[in-house]
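Trainee: My request is simple: use the sequences and hints to build the entire structure.
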Amino acid sequence: MFSQRFLTLCAAATTCLALSMSAPLLGEPAPAAEETRDVVTFRNGRVVEGEILETSDRTIKMRVVVAGIATVTTYDRSEILLIEEDKPVGGSAPVKTAASDKKSSASSSGTRTEAREDAARVYLLTLDGQFGWDISNGPLTQALKDATDSKPDVIVIKLDATQDERFGFDGLFVAESMTPTIEQLLANGQRVVFWVERATVGAAFLPLSSPEIYFTPTGRMGGIGTLQDFNIGDKRVNEKQISLRLGHAEGIAIAGGYAPELVRAMGHMDTWLSVRIRGGKPEYMLRAPTPEEVADGWILLTDDGKGSNKDTMADAVRERGNDVLNLDADWAQRLLVSKGTAATIEDLMFLLGYGSNFTKVEGRGDKIMDDWSTRLGQARDNFRRLNERLGEIGAGTNNARDAKRDLGERMKTLREMRGLLSIYSEVLDPSGDRRSEIDIQIEQTRMQLQQINEQERQQQRR
Amino acid sequence: MPATHAIRNIARSLAVACIAALAFAVSAPAATVHLNDGRVLEGRIDREGDDFIYLIVKVGSIEHTELILKSSIKSIARDEPAAGGDKPAPGAKDPAKSGEPSAEAVRVAFISLGEGGDKDMVGPFVNAGRLKAAVDLLEDDEPDIVVLKIKSGGGYVSEVEPLSDAIHEYIKPKYTVVAWIDSAISAAAMTGLNCENIYFMSKGNFGAATAFGGGPGGARAVEGEFLEQLLYLAELISERGGYNPLIMRAMQIEQELSVDIDSNGVVNWRPDSAGRYLVNPKGKILTFNAQDAMRYKFADGVADNKDQLMRLIVGDHEWIEVGQDADAFAVKTRDETFRAELAISEIFQKMGLAQQVGDFAKMRRYLGDLRAWARRAPVWTDYPPKGGFPPLSDEFFRQAEEEIRKLQQQDAERNRNNRR
Chain P
1 MFSQRFLTLC AAATTCLALS MSAPLLGEPA PAAEETRDVV TFRNGRVVEG EILETSDRTI
61 KMRVVVAGIA TVTTYDRSEI LLIEEDKPVG GSAPVKTAAS DKKSSASSSG TRTEAREDAA
121 RVYLLTLDGQ FGWDISNGPL TQALKDATDS KPDVIVIKLD ATQDERFGFD GLFVAESMTP
181 TIEQLLANGQ RVVFWVERAT VGAAFLPLSS PEIYFTPTGR MGGIGTLQDF NIGDKRVNEK
241 QISLRLGHAE GIAIAGGYAP ELVRAMGHMD TWLSVRIRGG KPEYMLRAPT PEEVADGWIL
301 LTDDGKGSNK DTMADAVRER GNDVLNLDAD WAQRLLVSKG TAATIEDLMF LLGYGSNFTK
361 VEGRGDKIMD DWSTRLGQAR DNFRRLNERL GEIGAGTNNA RDAKRDLGER MKTLREMRGL
421 LSIYSEVLDP SGDRRSEIDI QIEQTRMQLQ QINEQERQQQ RR
Chain Y
1 MPATHAIRNI ARSLAVACIA ALAFAVSAPA ATVHLNDGRV LEGRIDREGD DFIYLIVKVG
61 SIEHTELILK SSIKSIARDE PAAGGDKPAP GAKDPAKSGE PSAEAVRVAF ISLGEGGDKD
121 MVGPFVNAGR LKAAVDLLED DEPDIVVLKI KSGGGYVSEV EPLSDAIHEY IKPKYTVVAW
181 IDSAISAAAM TGLNCENIYF MSKGNFGAAT AFGGGPGGAR AVEGEFLEQL LYLAELISER
241 GGYNPLIMRA MQIEQELSVD IDSNGVVNWR PDSAGRYLVN PKGKILTFNA QDAMRYKFAD
301 GVADNKDQLM RLIVGDHEWI EVGQDADAFA VKTRDETFRA ELAISEIFQK MGLAQQVGDF
361 AKMRRYLGDL RAWARRAPVW TDYPPKGGFP PLSDEFFRQA EEEIRKLQQQ DAERNRNNRR
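For the record, the sequence lines run as chains P and Y.
In terms of this note's numbering, the first sequence opens at residue 1 and continues consecutively.
In terms of this note's numbering, the second sequence opens at residue 1 and continues consecutively.
A portion of the hints provided could be inaccurate.
[Said to hold, decoys possible] Computed list of lysine-lysine pairs in BS3-like fashion (alpha-carbon distance at most 27 Å, straight line):
(1) Y/Lys172 with Y/Lys306
(2) P/Lys310 with Y/Lys284
(3) Y/Lys362 with P/Lys412
(4) P/Lys310 with P/Lys145
(5) Y/Lys70 with P/Lys360
(6) P/Lys61 with P/Lys235
(7) P/Lys61 with Y/Lys70
(8) P/Lys367 with P/Lys87
(9) Y/Lys74 with P/Lys87
(10) P/Lys306 with Y/Lys284
(11) Y/Lys386 with Y/Lys119
(12) P/Lys87 with Y/Lys70
(13) P/Lys404 with Y/Lys306
(14) Y/Lys386 with P/Lys235
(15) Y/Lys172 with P/Lys310
(16) Y/Lys282 with P/Lys306
(17) P/Lys281 with Y/Lys174
(18) P/Lys235 with Y/Lys282
(19) P/Lys235 with Y/Lys284
(20) Y/Lys332 with Y/Lys172
(21) Y/Lys306 with Y/Lys284
(22) Y/Lys282 with Y/Lys174
(23) P/Lys151 with Y/Lys306
(24) P/Lys145 with Y/Lys306
(25) P/Lys339 with Y/Lys70
(26) P/Lys151 with P/Lys339
(27) Y/Lys119 with P/Lys145
(28) P/Lys151 with Y/Lys70
(29) P/Lys281 with P/Lys145
[To be verified] Here are some chain P residues pointing at chain Y (derived, C-beta under 10 Å):
(30) Ser209
(31) Glu250
(32) Gly257
(33) Asp433
(34) Gln451
[Claimed, not checked] Here are some of the chain P residues that sit facing chain Y, going by a computed Cβ distance under 8 Å:
(35) Glu79
(36) Ile80
(37) Leu82
(38) Gln184
(39) Ala187
(40) Ile232
Since the hints were made in silico from the structure, they are not lab data.
Where a beta carbon is used, it is the ideal one built from N, C-alpha and C, also for glycine.
Mentor: Take a look at the structure:
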């Protein structure tokens, strides 16, 4: 715990230091033609420009400037495709991008001038609200179809979502209803980037389906550390259920290119996880480090949360506990979950290697998501209203004609309720059980009507 | 692990024959890429644009794709020209586009066992009868390899042995059988274990095969003699697939499991935690992910699509997909089973309502509807549809008839007493 807190402080200090440096800012007016930059092209297509400070066989340390803020970052050489030192820059000098030599015609300070014709096209889709409610597979699929129809170079999904905490780790299964859509896009060669402001409970799993995750400076991912509380039966049954859930979640992480150990430590309080960074890459160990290992750079990320290891209330409130792993922007980047931290879309596009030469595609994605959310809210309200009406129908009826009228009203109301459940079934009635109950109520009502009709016929015969 | 190497034998035996065929096959062009920094990369160009190429590079047995900017490329030496546009044809030839495949092409059929969306339960949706029926449809297609693509969260223990027999005694003698794991949990894991060759999708999971049942106080894992029978069954299935029985045991009960891997890469499984790698710690149930399955040589490879899978299995040999009708049958029958389950559950509920109001004629009519469903979807004569209703067995219909007769008698008696 002490070492973890110490490193967090170190990271903060480094950032402070970097902020105070008087580095050449890319946000400043366009540099003179004779100025140069070092350009690093990564195997995933990302391009970073700045100044190389140190190099070794395994890493390079570089000062990069994003949105006027200089930061010093260390990259692993194994991820680097090409290093171009002292590349001239200027008004007409080319700026490398991931897909082509797109020419920058704007500063990267965040206020962009007009993009050129060959500018990269970014489709920004915002997913905010309750995961599994505002964010659901149907509207997400529609929004992403709108995105792909506009043939963007990159789809950026800004995620600010959480879920009822009672879902806990089982929010995984809501995420699993959406990950195939992302997987399919990636399989088709579409670049999909998640930009995380908040990804908690089930929403924590969704970004892991893409190999590219970035965080905002205040980004958070986690809130799934509930597997130790799983209880549907005896210990063996519970262990089976925990095991298969971890299997599913680790699969999502592995497919996205992330270490499965992280999911285990995020999901289960029993998991000891230690890490050390070697050559810019994390190495994991599923136990506490020995003092010698601590001296060798191992850091305890999570303990088992038992006895004296249990987080104090003070730690939990200040989000510095270590019973389960929750990621902030800093740790997400150190553990290679996040490839970088960006406060604005301009910063993000720079980190993605598109420089400042990009255009935002005007799509309908956000509207599709907003409309869904609005209509779903209306449907929920309507359903409640109909349910209340259902309770009121039939009170005080004392003759056959009134009873028939009431039953007719009841039938109509039930059918309306069923209609709402059908339209929004993926959220309101995924199992179909509620519709099934309503079908029975409809049948019950029909039989009551038949009985009244039969009684009337018998009375007429007499 | 005494796994058979039938697939590799097929690949080897076809190697000579395929040489001629390969000359005509449209495949990803091999290329040697010289980079500006002096490095030379060899591989196959998967995709090419104005400014970039995607090069498939093979390191050992693992392939990965690298994006290379053309601005960083000094030259590309192509072994053959890129035919037919940017994207080369995948290993599976489409006869409609590229003419008839060569006679030497490896013929591969894919049959899905489960597909998610409440259509994956072993028993009603994945069972020996359906699997055999699907495989019967392959006869004219003459596949060399049958790939069972598994995506199931498990199901009924009673179907494990019939499925094992179907794979081992009915399909394996005819074809080489491969399991391709999307998700194989519990009974589905025991099904996949029959195959000597198991491949994972990168998101794949396999394990958690603890059998349990409901009861007061929640679900209870099976114990006693029944548990011993299941552990023994798993040992037999492990033997059929050629796997160390400790693996499935650790998926069934809290069996500690670790491995040592010697300098030749041979994996030695240990029923304790003393091995170099701890696979399943004390008190836990094992589920493999793709990484661990590969690390401990349980899986033969990881592939996320058919092309990747077949490249792992037959290398550069030409292959062709056959037997699509068999999988279409498997999908269709699962769909019908799903619809039948919904309908049957609804009829049961309506029958309950008819009973409440004493409408025995209607109850008999619903019983007739259930008989019709039992004929149309006979799998529900063996397994209970959801909602806690019984299977539509002959015994159920006999008892239901008897029950209705008694209720009717009681009702008539009541009416007589009321009239008095």
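Trainee: With reference to the structure, classify each hint as holding or not holding.
Mentor: Evaluation of the provided hints:
1. Y/Lys172 with Y/Lys306: Holds: Y/Lys172 and Y/Lys306 sit about 21 Å apart, inside 27 Å.
2. P/Lys310 with Y/Lys284: holds (21 Å)
3. Y/Lys362 with P/Lys412: Answer holds: Y/Lys362 to P/Lys412 is near 24 Å, not above 27 Å.
4. P/Lys310 with P/Lys145: violated (46 Å)
5. Y/Lys70 with P/Lys360: Holds, because 26 Å separates the two Cα atoms, which is no more than 27 Å.
6. P/Lys61 with P/Lys235: It is violated: about 49 Å lies between the C-alpha atoms, which goes past 27 Å.
7. P/Lys61 with Y/Lys70: Given pair P/Lys61, Y/Lys70 holds - Cα atoms ~26 Å apart, limit 27 Å.
8. P/Lys367 with P/Lys87: violated (42 Å)
9. Y/Lys74 with P/Lys87: holds (18 Å)
10. P/Lys306 with Y/Lys284: The hint holds at about 17 Å.
11. Y/Lys386 with Y/Lys119: Holds. Y/Lys386 to Y/Lys119 sits at ~12 Å (cutoff 27 Å).
12. P/Lys87 with Y/Lys70: holds (17 Å)
13. P/Lys404 with Y/Lys306: violated (60 Å)
14. Y/Lys386 with P/Lys235: holds (26 Å)
15. Y/Lys172 with P/Lys310: It is violated: about 53 Å lies between the C-alpha atoms, which goes past 27 Å.
16. Y/Lys282 with P/Lys306: Cα-Cα ~17 Å, so holds.
17. P/Lys281 with Y/Lys174: Roughly 48 Å between the alpha carbons, so the hint for P/Lys281 and Y/Lys174 is violated.
18. P/Lys235 with Y/Lys282: Within the cut-off at roughly 13 Å; holds.
19. P/Lys235 with Y/Lys284: holds (10 Å)
20. Y/Lys332 with Y/Lys172: Cα-Cα ~24 Å, so holds.
21. Y/Lys306 with Y/Lys284: Measuring from Cα to Cα gives roughly 34 Å; hence the hint is violated.
22. Y/Lys282 with Y/Lys174: Distance of about 41 Å is beyond 27 Å: violated.
23. P/Lys151 with Y/Lys306: Between P/Lys151 and Y/Lys306 the Cα gap is close to 26 Å, so the pair holds against 27 Å.
24. P/Lys145 with Y/Lys306: holds (24 Å)
25. P/Lys339 with Y/Lys70: holds (24 Å)
26. P/Lys151 with P/Lys339: Holds, at about 24 Å.
27. Y/Lys119 with P/Lys145: Measuring from Cα to Cα gives roughly 26 Å; hence the hint holds.
28. P/Lys151 with Y/Lys70: holds (22 Å)
29. P/Lys281 with P/Lys145: violated (35 Å)
30. Ser209: holds (9 Å)
31. Glu250: It holds, given that the least Cβ distance between P/Glu250 and chain Y is near 4 Å, below 10 Å.
32. Gly257: holds (9 Å)
33. Asp433: With Cβ-Cβ at 9 Å, under 10 Å, it holds.
34. Gln451: holds (7 Å)
35. Glu79: violated (11 Å)
36. Ile80: It is violated, given that the least Cβ distance between P/Ile80 and chain Y is near 10 Å, above 8 Å.
37. Leu82: At about 5 Å, which falls below the 8 Å cut-off, the nearest Cβ of chain Y leaves the hint on P/Leu82 intact, so it holds.
38. Gln184: At 11 Å from the nearest chain Y Cβ, P/Gln184 fails the 8 Å test, so the hint is violated.
39. Ala187: holds (7 Å)
40. Ile232: Holds. Min distance 5 Å.
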